[in-house]
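First to last, the protein sequences are chains E and D. With the numbering used here applied, the first sequence corresponds to residues 1 to 414, in that order. With the numbering used here applied, the second sequence corresponds to residues 1 to 414, in that order.
These are computed hints drawn from the structure, not numbers from a lab. Mixed in with the good hints there might be a few duds.
Identical copies go unnamed one by one, so any copy, or any two together, can satisfy a pair.
Claimed, not checked - With a straight-line cut-off of 20 Å between C-alpha atoms, the simulated EDC-like cross-links for lysine to aspartate or glutamate are:
| hint | residue 1 | residue 2 |
| --- | --- | --- |
| 1 | LYS29 | ASP9 |
| 2 | LYS217 | GLU302 |
| 3 | LYS29 | GLU263 |
| 4 | LYS53 | GLU341 |
| 5 | LYS53 | GLU302 |
| 6 | LYS142 | GLU95 |
| 7 | LYS379 | ASP321 |
| 8 | LYS29 | ASP368 |
| 9 | LYS29 | ASP321 |
| 10 | LYS131 | ASP404 |
| 11 | LYS379 | GLU297 |
What you are looking at is a predicted structure, and each value in this text was computed from that prediction instead of being measured.
2 protein chains.
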Amino acid sequence: MSSGFSSIDGGSATSPGGFTAAAAHAGLKADGALDVALLVSAASCATAGVFTKNALRAAPVIYDAQFLSDRPGRVRAVAMNSRVANACTGPAGLEAARAMARAAEEAAGLPPHTALVLSTGVIGVPLPVDKVEAGLRAAAAKLSADGGPEAAKAIMTTDTRPKHCAVRLEMPGGGAPITIGGMAKGAGMIHPDMATLLAVITTDAVSDPNTLRPFWKRVVDRTFNAISVDGDTSTNDTALFLANGHAGVDPSRDGALWKVFEEAATAVARTLALAIVEDGEGATKRLEIQVVGAQTETHAREVGRAIARSTLVKTAIYGGDPNWGRVLAAAGVAGVALTPERITLQAATANGAGWLTLASGGATALADAQQARAIFEQKTIRLRLDLGLGRSEAVVWTCDLSPDYVRINSDYTS
Amino acid sequence: MSSGFSSIDGGSATSPGGFTAAAAHAGLKADGALDVALLVSAASCATAGVFTKNALRAAPVIYDAQFLSDRPGRVRAVAMNSRVANACTGPAGLEAARAMARAAEEAAGLPPHTALVLSTGVIGVPLPVDKVEAGLRAAAAKLSADGGPEAAKAIMTTDTRPKHCAVRLEMPGGGAPITIGGMAKGAGMIHPDMATLLAVITTDAVSDPNTLRPFWKRVVDRTFNAISVDGDTSTNDTALFLANGHAGVDPSRDGALWKVFEEAATAVARTLALAIVEDGEGATKRLEIQVVGAQTETHAREVGRAIARSTLVKTAIYGGDPNWGRVLAAAGVAGVALTPERITLQAATANGAGWLTLASGGATALADAQQARAIFEQKTIRLRLDLGLGRSEAVVWTCDLSPDYVRINSDYTS
């Protein structure tokens with residue numbers, strides 16, 4: 001059976017037709033690395049955005065949210081910068097975000113009010129608008145259909161590698177294929193709802209904002225909102241989905257194709273989300289938490305998130321310590337009613353052949369301690385927590401908490 | 001002006017009249033250290049308890065909560081053990097908690113159903129009931145009015161020092177004084193609502209459960225629920241307040257005395273709470289967060305807690321990095337509506353003479369970077385966040401997050 005889509009080697013946000021991108025060094029990063037990027041679409045995009053739930057939204061978030069509320073079908077470009085988040089910068093910060101959008105529109109020869117903006121970096125520092133504008137002009141001069149990977153590089157902060165990918169849908173009847181691509185940055189502060197996470201997913205499918213909005217919310221909930229690095233939630237987190245219609249096919253008109261389209265978009269977003277977890281600051285291991293048997297998917301996700309943000313769970317994972325009691329204790333803080341007697345906690349065995357039961361009926365299962373330790377010493381650890389309360393489930397991913405995380409974050413501004 | 005009460009050198013839970021205590025090594029801790037304690041009152045105590053909000057309550061919590069719901073005026077003893085939390089142990093765990101209470105009652109020659117139980121340590125491991133019972137018998141044989149400090153030692157887990165104190169009230173008219181004493185343990189996992197935090201506060205005042213319940217909730221909210229070490233919330237957290245009436249005075253009958261009594265109880269609880277923060281796993285620094293200008297005290301506390309549990313704030317504090325943008329970003333995740341333009345963030349200057357404004361009106365205040373760094377390099381850092389929305393306030397305390405925290409917690413079970 002075909003999955004309905006396949007991965008594109010070296011794919012990026014410019015893999016879908018009609019998208020170009022480029023990056024530049026605008027002097028924000030001290031080491032001469034790329035720090036400004038521009039993504040441009042040949043046609044107006046239907047766009048959906050999911051933004052941080054932090055009560056203190058950074059200026060670019062305020063700008064984009066307002067833009068997508070007013071003109072969700074008019075996006076032609078996304079201007080991006082790293083190193084300075086333009087957060088907690090007051091009215092001047094919003095003016096800077098506007099100036100950045102305007103600079104992108106002018107540099108790329110686009111009509112006014114067609115560019116979104118994304119910023120990431122240090123909070124509370126004014127955006128050096130002149131530098132960003134010059135960087136956008138430099139990027140606009142070399143926009144290319146191969147520019148996606150470079151743009152992904154420019155939005156990195158403490159990321160150690162760029163994150164981009166793309167997939168192509170196998171079209172029924174062999175019609176013109178739909179492509180979905182994307183880029184993201186993450187590393188520290190990653191947590192659901194969300195955290196210095198920037199993601200831009202592009203497609204050449206035809207769509208409209210009203211169709212994309214609930215679709216994109218579902219995809220983000222199961223991908224970018226299902227990962228956590230340190231439980232913090234940033235002022236800037238934004239995940240955008242842009243559909244420019246270049247392929248001429250609206251997948252929502254065909255039930256089977258629409259299903260494949262959502263699966264493909266989820267695969268792109270999940271690939272980027274997992275790349276963020278694996279590149280978490282100081283991360284040495286990955287933890288996958290499947291929560292099943294919940295009354296609702298939201299309950300399942302909340303329990304998974306509570307486990308994923310527990311520093312005690314994350315330090316135990318770092319140390320390869322099968323301290324599964326901490327997993328249950330962390331589940332208990334999710335704000336979801338639990339019935340201890342119905343709970344079962346299992347870990348995927350090291351050979352991948354099955355599951356080792358660590359606790360059931362609210363009590364320890366007296367699992368083989370040596371086997372449990374072998375499981376927790378793996379690079380990727382998979383836990384399955386059955387709440388025994390219903391039929392809904394969710395998967396959440398996180399990384400361990402290492403001494404390196406502390407080292408990286410103890411002196412970030414200087 | 002007199003504060004109305006004074007600290008007792010070396011004070012403890014047995015400083016108030018009519019309380020005795022002792023500890024024993026029951027073989028739970030591998031190194032021969034004290035691991036079981038017994039506190040006994042000569043008369044029945046009116047008792048109030050505040051318990052963890054974790055959905056998976058440990059057996060001792062279930063036992064005590066039920067006890068205090070049924071017989072809040074009948075407590076004569078508290079039996080305690082460290083090393084094994086008796087959490088996530090199912091119905092057998094509840095039976096073990098009952099057996100532990102019974103053993104304490106029999107060992108101390110008390111009537112049935114008069115003992116509470118407290119356990120702390122590893123989750124998911126069955127309580128070695130025989131050992132605990134033997135330990136309680138050994139402790140009962142040497143109960144003493146000087147036993148408070150020893151009992152405080154026996155409940156330590158990763159704590160590096162025992163935590164106990166007491167104060168004596170200055171009585172109007174020079175009557176028989178009221179004494180309030182207490183002990184606590186904390187270290188890792190400490191977070192509001194609450195986290196492997198055990199606290200027992202005793203007094204020889206006369207009182208009744210209905211008076212104590214709201215009183216104790218207020219005191220705990222401003223002390224034990226206002227501290228955070230790692231944002232985790234344990235299955236076992238319990239704070240008890242016992243009044244045995246030995247001094248013959250009911251402070252609630254005199255408005256002025258009742259006020260002093262609450263201040264004195266708050267001072268005892270705050271001393272213990274701050275001792276927990278300073279002894280947090282791997283802690284090298286203390287952070288005090290005053291949140292003022294909130295619409296309600298609960299809002300103020302929630303904002304303070306959100307800052308206190310941010311690993312990014314805590315690593316910045318460890319590194320002496322004046323990354324105040326992280327403080328604002330963390331405030332934004334509290335679930336409290338904020339108005340950026342009204343927010344002011346200040347830090348107490350190193351010389352203690354005033355406040356340095358770090359941000360106001362939602363934007364950076366361009367504070368002297370050198371002065372800011374000098375402040376953040378101190379051992380104790382005090383921040384003041386004015387939300388500009390009302391007149392309520394709260395204070396929250398936390399410690400920094402150091403590489404040692406990770407080391408301590410990466411291999412705790414073995």
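Going through the hints against the structure:
no.	hint	in the structure
1	LYS29 - ASP9	neither (29 Å within a copy, 56 Å between copies)
2	LYS217 - GLU302	within (16 Å within a copy, 28 Å between copies)
3	LYS29 - GLU263	neither (37 Å within a copy, 52 Å between copies)
4	LYS53 - GLU341	between (34 Å within a copy, 18 Å between copies)
5	LYS53 - GLU302	both (15 Å within a copy, 16 Å between copies)
6	LYS142 - GLU95	neither (27 Å within a copy, 73 Å between copies)
7	LYS379 - ASP321	within (13 Å within a copy, 32 Å between copies)
8	LYS29 - ASP368	neither (51 Å within a copy, 22 Å between copies)
9	LYS29 - ASP321	between (39 Å within a copy, 19 Å between copies)
10	LYS131 - ASP404	neither (32 Å within a copy, 41 Å between copies)
11	LYS379 - GLU297	neither (27 Å within a copy, 44 Å between copies)
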